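Engineer: Chain by chain, the residues:
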Amino acid sequence: MNRKSQSFRLRGTTVPVITLALSSADQTALEGDIDRKVSEAGDSLAGGLAVIDLSALGDEHPPLQWLVAQVRRFGLHPVAVIGTQEAQAEEVSALDLAVLPASSGSARSADTPVREEPVAAAPSAPEPPASAPQTAASARPAPPAASAAADTTTLVVDRPVRSGQRIYARGCDLVLLAGASAGSELIADGNIHCYGPLRGRALAGASGDHEAQIFALDFEAELVSVAGVYKAFERLPDGVRGKAIRASLEMRDGQSQILLSPLLIAT
Amino acid sequence: MSNTRIIVVTSGKGGVGKTTTSASFASGLALRGHKTAVVDFDVGLRNLDLIMGCERRVVYDFVNVINNEATLNQALIKDKHSEHLFVLPASQTRDKDALKEEGVERVLNELRDMGFQYVVCDSPAGIEHGAVMALTFADEAIIVTNPEVSSVRDSDRILGILQAKSRRAKEGREPVKEHLLLTRYSPKRVEEGEMLSHEDVRELLRIPLLGVIPESEAVLHASNQGQPAIHMEGQPVAEAYKDVVMRFLGEEVPLRFIAAEKRGLLQRLFGGK
Chain A
1 MNRKSQSFRL
11 RGTTVPVITL
21 ALSSADQTAL
31 EGDIDRKVSE
41 AGDSLAGGLA
51 VIDLSALGDE
61 HPPLQWLVAQ
71 VRRFGLHPVA
81 VIGTQEAQAE
91 EVSALDLAVL
101 PASSGSARSA
111 DTPVREEPVA
121 AAPSAPEPPA
131 SAPQTAASAR
141 PAPPAASAAA
151 DTTTLVVDRP
161 VRSGQRIYAR
171 GCDLVLLAGA
181 SAGSELIADG
191 NIHCYGPLRG
201 RALAGASGDH
211 EAQIFALDFE
221 AELVSVAGVY
231 KAFERLPDGV
241 RGKAIRASLE
251 MRDGQSQILL
261 SPLLIAT
Chain B
1001 MSNTRIIVVT
1011 SGKGGVGKTT
1021 TSASFASGLA
1031 LRGHKTAVVD
1041 FDVGLRNLDL
1051 IMGCERRVVY
1061 DFVNVINNEA
1071 TLNQALIKDK
1081 HSEHLFVLPA
1091 SQTRDKDALK
1101 EEGVERVLNE
1111 LRDMGFQYVV
1121 CDSPAGIEHG
1131 AVMALTFADE
1141 AIIVTNPEVS
1151 SVRDSDRILG
1161 ILQAKSRRAK
1171 EGREPVKEHL
1181 LLTRYSPKRV
1191 EEGEMLSHED
1201 VRELLRIPLL
1211 GVIPESEAVL
1221 HASNQGQPAI
1231 HMEGQPVAEA
1241 YKDVVMRFLG
1251 EEVPLRFIAA
1261 EKRGLLQRLF
1271 GGK
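Residue numbers (the numbering used here), protein chains in the order written: chain A, 1 to 267; chain B, 1001 to 1273.
Fair warning: there could be bad hints in the mix.
Label pairs and their computed distance ranges (CB to CB) [claimed, not checked]: (1) A:LEU223 x B:LYS1177: 29 to 35 Å; (2) A:LEU49 x B:GLU1102: 36 to 42 Å; (3) A:LEU259 x B:ARG1189: 35 to 41 Å; (4) B:GLN1074 x A:ALA232: 53 to 59 Å.
In the SDA-like style, the derived pairs of lysine to any residue whose C-alpha atoms are separated by at most 25 Å in a straight line are [stated by the list, open to error]: (5) B:LYS1177 x A:ARG159; (6) B:LYS1170 x A:ASP158; (7) B:LYS1170 x A:VAL175; (8) B:LYS1177 x A:VAL156; (9) A:LYS231 x A:ALA178; (10) B:LYS1170 x A:GLY183; (11) A:LYS243 x B:ARG1202.
Some chain B residues near chain A, calculated using beta-carbon distances under 10 Å [unchecked claim]: (12) LEU1204; (13) LEU1205; (14) ILE1207.
Simulated from the structure, these hints should not be mistaken for laboratory data.
Computed from a predicted model, the values in this text were never measured in an experiment.
Think of the CB as a built atom: it goes at the ideal place given N, C-alpha and C, for glycine as much as any other residue.
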C-alpha cells in the first residue's frame, strides 16, 4: 500500500556549511586572526551554518564556549563540532551542538556548489562567471576542486529560454526541455543538455571544467564554449545545423579547441 | 468579482501593427457584444484615438485618471461604432514615467468594477517602462509579429519579459496566456522566399498562432479615416481580424489569406502583376 505522510516529509538535504578548522590552540593568536578575518568578511557569511573542526589539534584546544562566541562574530550559527575528545562530549551537547566524526564533515569542501534558480531577465541576472568566452588559445588551467563536484542537483528549465534571458546553473548541469531562442545565454558549471532547439549561446564548464560538454538534439547555437574555449558560428555548417550534436573540448597541437560531433544514439 | 480579462497587445518592435490590432481586436470583441475597453499605454505619442477616430473628443486621458485629475467616467470615450466599446486615450503631453504602477493597477481595477469583460492594453514599442506597465497586469498577451527575423527576435525578447515581469509570473500564478499574431503577411513574398512563413515564425517562437493578417493597403486607408480596419467590409484584413476574434473566443476557424492568389491564365501569359 502506498501511504503518504500528510503533514510533513522527512528528506535528506545537503546545505553548505562553513568549517572553522583550527590549526593552533593559541587563544591570543586566534583572536587576532579572527579579528582580521571578521573585518574582511563583513556580513558576507552571516546567517550561514558553521562547524568547528578541532581534528588538527590534540587534547589542547581553546574552550568550546569561547570558540562558539568567535564563530558567532561572523554571524554564523554553530551547529556541530568535529574531532573532540570523548571526554568533551558532554560539554559539546551542553552547548546544543552535534558531535561529528572527524571523517564526515572535514572531507567536504567548504564551498559546496549551490544551485541557482533560473533568473528570468537580464537586469537581475547573476554576475557572469569568471570564464565567459576568452580567446580560443587561452585555455584555462585545471579546474578548481570545488567546481568539479558532481554531486549537486541539476537545474531543469521547462519553458523556452527567450532572447535576452540568461540562465546560470551554478555548480551543476543545466537541462533545457523547451529549448533556447537566439539571443539567450545559457551558462552551466557542468554540462548543458538541450532537448528543444538550441539557438542561443551555450557555455558549459563555466568555472573551468574541461570535461564539460554540450548535448543538443537540434543544434543551431550562435556560440558554444567549454571551460572558456569558445567557437562562434556566423553560419552553421550543413552537417551540424539542426542536427543532434555534442560539443566538447579536444586537444590538438597542444591547444584546446571545440569539437562538434554527432550525438550518437544507440539503436 | 467580475471575470475581466486583461489582454496586452505587445511586440517589442515598433511599426508592426500593435495599435491597428488593438483597435480592430477591441472593436471585434465589442461587435460580438462584449463590454470592452481599449487603453492606450503609448503615453507621449498617442495614436489609438486617431485610429479609433475619436481624437477630437479627447478631454481627459489615462494620465489624468492616474493622477486623480479626472474620473474614469470622464475620460472614457464611447466608440462611434459600438455601444459596448470604450477608449481610454493616452496623454500626448506627458512622458511614460507618468504611468505609476499603483495608478495603473487602480485604473484597471476600476474598469473591472465597472463590469468590463475585456480590457485591451495597447503597448508602446520597446521594452522600457511603458511597455512593462502595459504587460504587468495582463492575463493574456497578443504578440504582434511581422514575418521577418528582427521582429521575431523582438517578440521573443518581449515573451521573456512577460515571463519575468508580469504580476502572474511574480506571484507564481498560472502564466500569462500567449498568442502569436502575424501581421503584414504577404503570401506571395513568402512563396518567393523573401519573408518567413507562418510555420517558420511559429517554430521560432513556439507559441500558439492566433491568426495571420495579410499585408494590405486598406489598413492605411482605414487609419487615415479614423476607422479600425475590422470595419472595412469585404476587405481580407477585416475578415482576418474577425477570424482572430472568433479564435480568441474559442471558436475553431481555419487560417485564411495564407496562400498566394492564383494568377489567371491571361495574367500569366502577359506577365501582369
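Engineer: Now tell me, hint by hint, if it's right for this structure.
Structural biologist: For each hint, the structure was consulted:
At roughly 33 Å, the beta carbons of A:LEU223 and B:LYS1177 sit within the given window of 29 to 35 Å. Between A:LEU49 and B:GLU1102 the beta carbons are some 40 Å apart, a value that agrees with the proposed interval 36 to 42 Å. About 40 Å separates the C-beta atoms of A:LEU259 and B:ARG1189, a value consistent with the hinted range of 35 to 41 Å. Under the hint 53 to 59 Å, the C-beta atoms of B:GLN1074 and A:ALA232, about 57 Å apart, fit the expected range.
Restraint check: the Cα-Cα separation between B:LYS1177 and A:ARG159 comes to about 13 Å, which is no more than 25 Å; the hinted pair holds. This hinted pair checks out: B:LYS1170 and A:ASP158 have alpha carbons roughly 17 Å apart, not beyond 25 Å. Annotation: proposed proximity of B:LYS1170 to A:VAL175 holds, straight-line Cα distance about 23 Å (limit 25 Å). Of the pairs offered as hints, the one joining B:LYS1177 and A:VAL156 holds, with about 22 Å between alpha carbons and a cut-off of 25 Å not exceeded.
With a C-alpha separation of about 23 Å, the suggested pairing of A:LYS231 with A:ALA178 holds against the 25 Å cut-off. Distance check on the hinted pair: B:LYS1170 and A:GLY183 sit about 23 Å apart at the alpha-carbon level, within 25 Å; holds. For a cut-off of 25 Å, the pair hint linking A:LYS243 to B:ARG1202 stands: about 20 Å separates their Cα positions. Restraint check, B:LEU1204 versus chain A: the minimum CB separation of about 7 Å is within 10 Å; hint holds.
Given hint, B:LEU1205 at the interface with chain A, holds; its Cβ is 8 Å from that chain's nearest Cβ, closer than 10 Å. Given the 10 Å rule on beta carbons, the hint for B:ILE1207 holds: about 9 Å separates it from the nearest Cβ of chain A.
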